Amino acid sequence: MKSFEGNILCLDRADINTDEIIPAKYLTEIEKIAMKPHLLEDLTLDGFDPATDLEDIAVIVTRENFGCGSSREHAPWALEVNGIHVVIAPSFARIFRQNMFNCGMLAIDLPEDDIQALFDLCNNGGGRLTVDVDTNTIRAKGKEKQLTLGFSISEFDKTLVKTGGWVEYADTNY
Amino acid sequence: MGKTIAEKIFDTHLVDAPFGDVSVLRLDRVFCHEITTPTAIQDLVAHGKDRVFDPDKIKAVIDHVTPAKDSKTAMQGKILRDWARRHNIKDFFDIGNNGVCHAIFPEKGFVRPGFTIIMGDSHTCTHGAFGAFAAGVGTTDLEVGILKGVCTFKKPETFRIEIVGTLRPGVYAKDIILEVIRQISVNGATNMVIEFAGPVVDAMNMDQRMTLSNMAVEAGATSGICLPDMTTVEYLWPFIKDEYDSPEAALADYTKFCSDPDAVYAKTKTIDVSDLEPLTTFGYKPDNVKPVSEMDNTPVDQVYIGSCTNGRLEDLRVAAQVLAGKQIAPTVRGIVSPATPDIFSAALEEGIIKTFMDAGFCVTNPTCGACLGMSNGVLADGEVAAATTNRNFNGRMGKGGMVHLMSPATAAATAIQGHIANSELFSSQEEI
Ligand code: SF4
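Chains as they are written, first to last, in the working numbering: chain A, 2 to 175; chain B, 5 to 436.
Certain hints may be false.
[What the hints assert, rightly or not] If you anchor each label on the Cβ, the simulated ranges turn out as follows:
(1) A:N124 with B:G287: 22 to 32 Å
(2) B:D74 with A:S155: 34 to 44 Å
(3) A:A35 with B:S431: 30 to 40 Å
(4) B:E298 with A:A35: 37 to 47 Å
(5) B:D20 with A:T136: 23 to 33 Å
(6) A:K163 with B:P173: 24 to 34 Å
(7) B:K112 with A:T160: 29 to 39 Å
(8) A:N137 with B:D60: 40 to 50 Å
(9) B:F243 with A:E56: 48 to 58 Å
(10) B:K260 with A:E56: 55 to 65 Å
(11) A:T138 with B:A256: 49 to 59 Å
(12) B:A384 with A:N137: 43 to 53 Å
(13) B:G52 with A:E156: 22 to 32 Å
(14) B:A207 with A:K37: 33 to 43 Å
[Unchecked claim] In the DSBU-like style, the derived pairs of lysine-lysine whose C-alpha atoms are separated by at most 35 Å in a straight line are:
(15) B:K7 with B:K159
(16) A:K26 with B:K159
(17) A:K37 with B:K158
Calculated directly from the structure, the hints in this document are not laboratory data. None of the values given here were measured: they were computed from a predicted structure. We put the beta carbon where it would ideally sit given N, CA and C, even for glycine.
Turn these sequences into a full structure, and let the hints guide you.
Now the structure itself:
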């Protein structure tokens with residue numbers, strides 16, 4: 002069984018772009034781990050402080066078109082080295098979404114209502130969730146509420162998440 | 005039922021459809037630059053997979069930071085250079101021969117109608133100007149492209165945008181694409197291919213079509229395709245004259261890829277550009293677009309003319325026409341980066357470089373340079389740039405900097421005035 006679990010960080014803004022996720026000046030880094038301290042450091046958002054708010058986070062819940070902008074895979078890597086393997090949003094930029102699955106991580110799109118429900122759930126002091134890839138279910142738990150949501154990802158994306166990425170898959174199959 | 009050009013390219017390149025909704029496509033080209041490729045190379049080496057599928061189909065360039073500015077960028081260049089040598093990649097462009105990827109690869113004749121192309125660079129959509137399916141990808145996709153010559157894509161839906169009307173003086177391809185993005189938004193073509201059509205596109209030369217296709221990704225599109233025609237063939241003729249008996253024969257071959265009249269589009273839109281004014285962006289998103297006339301009191305600290313959007317010969321010509329005999333404002337730093345060495349040489353011969361220098365511009369070597377705020381003109385916190393580039397994201401040209409995107413003509417006029425300005429102010433200029 003493949004599952005992901007951890008604390009939720011809510012980012013209440015649409016169109017968060019890859020420059021905000023990891024600024025271009027760190028693209029000279031060749032090692033993934035060098036991105037760790039710089040995740041989201043250029044994101045200006047009321048109530049969000051990248052220096053403290055990324056601690057012990059495993060999941061980001063955000064608004065539409067997350068990851069727009071450049072094709073840099075440094076964006077999912079910056080998430081990965083911070084232990085964030087799941088992003089949930091109403092929609093993603095194509096390349097970012099593909100990069101997440103290629104790295105064996107999850108970009109889950111949910112309807113706006115479900116996203117709002119997750120935001121509401123986290124509103125009073127944070128939330129935690131588990132994603133079960135085999136049963137396509139998300140179980141979220143806030144201070145006051147619990148929530149179970151279904152999601153769908155393609156068989157291909159699921160295979161990538163389970164086999165750990167596209168390089169292995171392609172080298173074996175083509 | 006008819007097919008779109010994107011569907012035809014997909015069908016002719018399909019290798020496998022392992023899970024129904026994803027197509028694994030055979031690649032005709034894998035382009036590489038020194039920012040996103042070294043990580044792919046390192047990862048391949050680490051996994052014992054340091055191989056390439058075909059050294060002749062891989063083309064590589066050091067363009068983003070060149071000459072290297074520090075040890076880290078020097079190492080990125082070195083990793084790419086060593087790898088190109090190790091695998092006998094002959095089309096590798098280094099100092100002295102290098103230029104901005106999306107300008108130099110077309111110029112060398114590496115792109116053909118009907119090709120599939122990937123690169124670890126979001127503006128790879130530029131090559132769609134030739135009727136190719138060209139898409140930016142992440143490093144893992146690039147890795148697999150290098151290793152196996154394949155890439156997965158969802159079957160694309162197409163958004164057909166027809167451009168009609170007659171452009172007013174001072175209005176260019178850049179203004180058209182800014183208007184397209186304004187109308188459909190930064191998300192308007194996500195997961196779709198934009199097909200640019202209509203009489204205005206038909207009348208454009210390849211430089212102008214590349215400007216259009218270049219920014220398709222700023223509306224979320226996977227690729228931005230112009231249909232191949234005689235203009236495409238004439239541009240490519242020096243490279244294909246041994247493959248075809250005549251330009252007409254090449255045309256007949258290439259137009260097979262053109263969308264059928266009964267092709268099915270996910271969306272269509274017609275934009276009449278007759279009343280279009282010169283445009284510029286005002287915020288941190290490429291769809292924050294306003295007429296220059298509403299922005300003309302905005303002072304700027306730096307004007308940057310260059311990039312894969314507008315650093316080609318025609319762009320420099322247009323800017324030089326505005327600048328001829330003028331001085332840029334003393335409060336403005338002007339920087340021009342011709343996109344390739346060939347463009348630089350031609351601009352030298354035509355006297356364009358002298359015009360820029362006489363006006364007070366700094367002329368740099370061909371490079372992405374200031375476009376992505378890594379070298380050659382990084383902004384200070386609070387500074388404002390007018391740029392012919394394609395991205396105005398917060399921090400793009402330097403942390404805390406603001407970028408206004410515009411055409412080369414508008415950028416040149418802005419440099420002279422010291423604030424955003426319409427190039428028609430200087431339209432009485434003689435042609436140079
Ligand atoms: S010129 Fe700018 S947008 Fe174009 S490839 Fe270089 S950095 Fe990217």
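For each hint, the structure was consulted:
1. A:N124 with B:G287: 22 to 32 Å: Distance hint for N124 (chain A), G287 (chain B) holds at roughly 29 Å.
2. B:D74 with A:S155: 34 to 44 Å: holds, 42 Å
3. A:A35 with B:S431: 30 to 40 Å: Violated, since A35 (chain A) and S431 (chain B) (Cβ atoms, about 50 Å apart) do not stay within the stated range.
4. B:E298 with A:A35: 37 to 47 Å: Holds: the Cβ-Cβ distance is about 43 Å, inside 37 to 47 Å.
5. B:D20 with A:T136: 23 to 33 Å: holds, 28 Å
6. A:K163 with B:P173: 24 to 34 Å: violated, 59 Å
7. B:K112 with A:T160: 29 to 39 Å: Cβ of K112 (chain B) to Cβ of T160 (chain A): about 38 Å, so the range 29 to 39 Å holds.
8. A:N137 with B:D60: 40 to 50 Å: At 44 Å between Cβs, range holds.
9. B:F243 with A:E56: 48 to 58 Å: holds, 55 Å
10. B:K260 with A:E56: 55 to 65 Å: Since the Cβ atoms of K260 (chain B) and E56 (chain A) sit about 57 Å apart, the hinted range of 55 to 65 Å holds.
11. A:T138 with B:A256: 49 to 59 Å: holds, 55 Å
12. B:A384 with A:N137: 43 to 53 Å: holds, 49 Å
13. B:G52 with A:E156: 22 to 32 Å: holds, 28 Å
14. B:A207 with A:K37: 33 to 43 Å: Given a distance of about 51 Å, which is not inside 33 to 43 Å, the answer is violated.
15. B:K7 with B:K159: At roughly 12 Å apart (the allowed maximum being 35 Å), K159 (chain B) and K7 (chain B) satisfy the hint.
16. A:K26 with B:K159: holds, 34 Å
17. A:K37 with B:K158: OK: K37 (chain A) and K158 (chain B) at ~31 Å, within 35 Å.
Violated hints for the displayed structure, listed by number in ascending order: 3, 6 and 14.
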